[in-house]
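Enquirer: Chains as they are written, first to last, in our numbering: chain P, 1 to 183; chain E, 1 to 226.
By construction, these hints were calculated from the structure, which means they are not laboratory data.
You may find that some hints are simply not true.
[As the list claims (entries may be wrong)] Anything over 12 Å on all C-beta distances counts as not near chain E; from chain P, calculated:
no.	residue
1	Ala20
2	Glu46
3	Glu97
4	Glu179
[What the hints assert, rightly or not] Reference listing, derived: stretches of chain P covered by chain E, where coverage requires no fewer than 3 residues with Cβ under 8 Å from a Cβ of chain E:
no.	segment
5	4-12
6	120-126
7	129-139
8	154-168
Keep in mind that this is a model prediction, so the values were computed, not measured.
Each residue gets a CB set at the ideal place from its N, CA and C atoms; glycine is no exception.
So the chains spell out like this:
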Amino acid sequence: MNLSDDSLLAGMAMGDGAAAAAFVRRYQPRVYGLARTIVGSNAVAEEVAQEAFLRIWRSAAAYDARRGQVGTWVLTITRNLAVDALRLRGNHEQPIEPQALMETLLSREARESRSTHVEDREQLRSALRALPPEQGRLIVLFVVYGLTAQETADLEGVPLGTAKTRIRRGIAKLREALEVSGG
Amino acid sequence: MAEGLECAEARELFPELAAGVAAGDERARALGHLSDCPACRREFAGTAEVVDELLWLAPEHDPPAGFESSVLARLTPAAPPRRRPRPRLLWAASIAAAAVLAAGAVWWQTADDRELASDYRHTLTVAHGHGLSAAPLLLAGGGETGTVFAYDGSPSWIYVTFRSAPLQGRYDVRLLTRDGRRLALRPFTARPGGTAWGSTIQVPIEQMQKLEFIRSNVPIMTANFD
Numbered sequence: 001m002n003l004s005d006d007s008l009l010a011g012m013a014m015g016d017g018a019a020a021a022a023f024v025r026r027y028q029p030r031v032y033g034l035a036r037t038i039v040g041s042n043a044v045a046e047e048v049a050q051e052a053f054l055r056i057w058r059s060a061a062a063y064d065a066r067r068g069q070v071g072t073w074v075l076t077i078t079r080n081l082a083v084d085a086l087r088l089r090g091n092h093e094q095p096i097e098p099q100a101l102m103e104t105l106l107s108r109e110a111r112e113s114r115s116t117h118v119e120d121r122e123q124l125r126s127a128l129r130a131l132p133p134e135q136g137r138l139i140v141l142f143v144v145y146g147l148t149a150q151e152t153a154d155l156e157g158v159p160l161g162t163a164k165t166r167i168r169r170g171i172a173k174l175r176e177a178l179e180v181s182g183g
Numbered sequence: 001m002a003e004g005l006e007c008a009e010a011r012e013l014f015p016e017l018a019a020g021v022a023a024g025d026e027r028a029r030a031l032g033h034l035s036d037c038p039a040c041r042r043e044f045a046g047t048a049e050v051v052d053e054l055l056w057l058a059p060e061h062d063p064p065a066g067f068e069s070s071v072l073a074r075l076t077p078a079a080p081p082r083r084r085p086r087p088r089l090l091w092a093a094s095i096a097a098a099a100v101l102a103a104g105a106v107w108w109q110t111a112d113d114r115e116l117a118s119d120y121r122h123t124l125t126v127a128h129g130h131g132l133s134a135a136p137l138l139l140a141g142g143g144e145t146g147t148v149f150a151y152d153g154s155p156s157w158i159y160v161t162f163r164s165a166p167l168q169g170r171y172d173v174r175l176l177t178r179d180g181r182r183l184a185l186r187p188f189t190a191r192p193g194g195t196a197w198g199s200t201i202q203v204p205i206e207q208m209q210k211l212e213f214i215r216s217n218v219p220i221m222t223a224n225f226d
């Protein structure tokens, strides 16, 4: 039986190891993939992904289904841990090339066809690709690397106000694209 | 609420709030505005959706062989997730916390602190919160130096009683959540005779993992909610 994410989380909240196994099996390529994208190292990504599942297991009872998709919650936990791992290792000032990160995010994978919301994501990729490169870089640094607006401004060598405005307007354009895509 | 300066100010903060990188005070201000402004809640939901969707663009990748079994080996020996305290214990704990608050309120000397203490008493009386938890506050060397009470209500808050006045000076206070966030709370300035500190929090108490009092970037006192 293919249980929903919510059902698996409910099982995990009760300490059900079988639910945890199914959950890990379902999300491990996504969690490990995001961690690897951010930290750029297979070994560190594995540590981050393991820690993410441990956090999810411990927090399963506190998860509130009204807050949105389970997958988004899972990815946010993973992103935060990956960013922490970068900061702890002291190399956050020199993250992976923003342009390389952009190319990674903009490349559609064949395996993604089994995921949901594929069209939305392709629409988002098109919108991201259509942004001026400097604006796209700011947004991915900000969202994926968890940099503050000040840190993105420093990295890109622009004033804080400029960085904030570009991020805000860029996100608004991406939002328009998603709204058009979603009807 | 009509579009005004307050809305415009709050919307400036939405990208950082959605990305989880807003500073503690900005986060609190933005969330405070969102609680009163349906138009901004809709606007924020749109921003958050974009931020969330961007994380989904990272490519999937199979982890190394043995990953799944390693993860499960770490999960299964771990203690089962925490459950909410039983209502009767909650009630008893609430009475105890109210007594602690009444005693601790004597210490609130500044106007801000008095206002905060008043908020707490009002919350206990009126809000009928959802839960209460407590954890020992430990010194870096391992000795117990106080107790942290965490109250889940509207608003949620934490309140710390120290067994003796901590070393004088300013402490940064940081809350680590189970989903990996690090939230800066209002700083604590230890004064002679001061034996309590409190702050509202923006997360459910089940999400609390660790509270740290920090000086010169070193955690001096910590409480774990595992």
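Enquirer: Would you mind marking each hint as holding or not holding in the structure?
Expert: Results for each hint:
| no. | hint | in the structure |
| --- | --- | --- |
| 1 | Ala20 | 5 Å, violated |
| 2 | Glu46 | 6 Å, violated |
| 3 | Glu97 | 15 Å, holds |
| 4 | Glu179 | 8 Å, violated |
| 5 | 4-12 | violated (count 1) |
| 6 | 120-126 | holds (count 4) |
| 7 | 129-139 | violated (count 1) |
| 8 | 154-168 | holds (count 3) |
Violated hints, in rising order: 1, 2, 4, 5, 7; the structure is consistent with all others.
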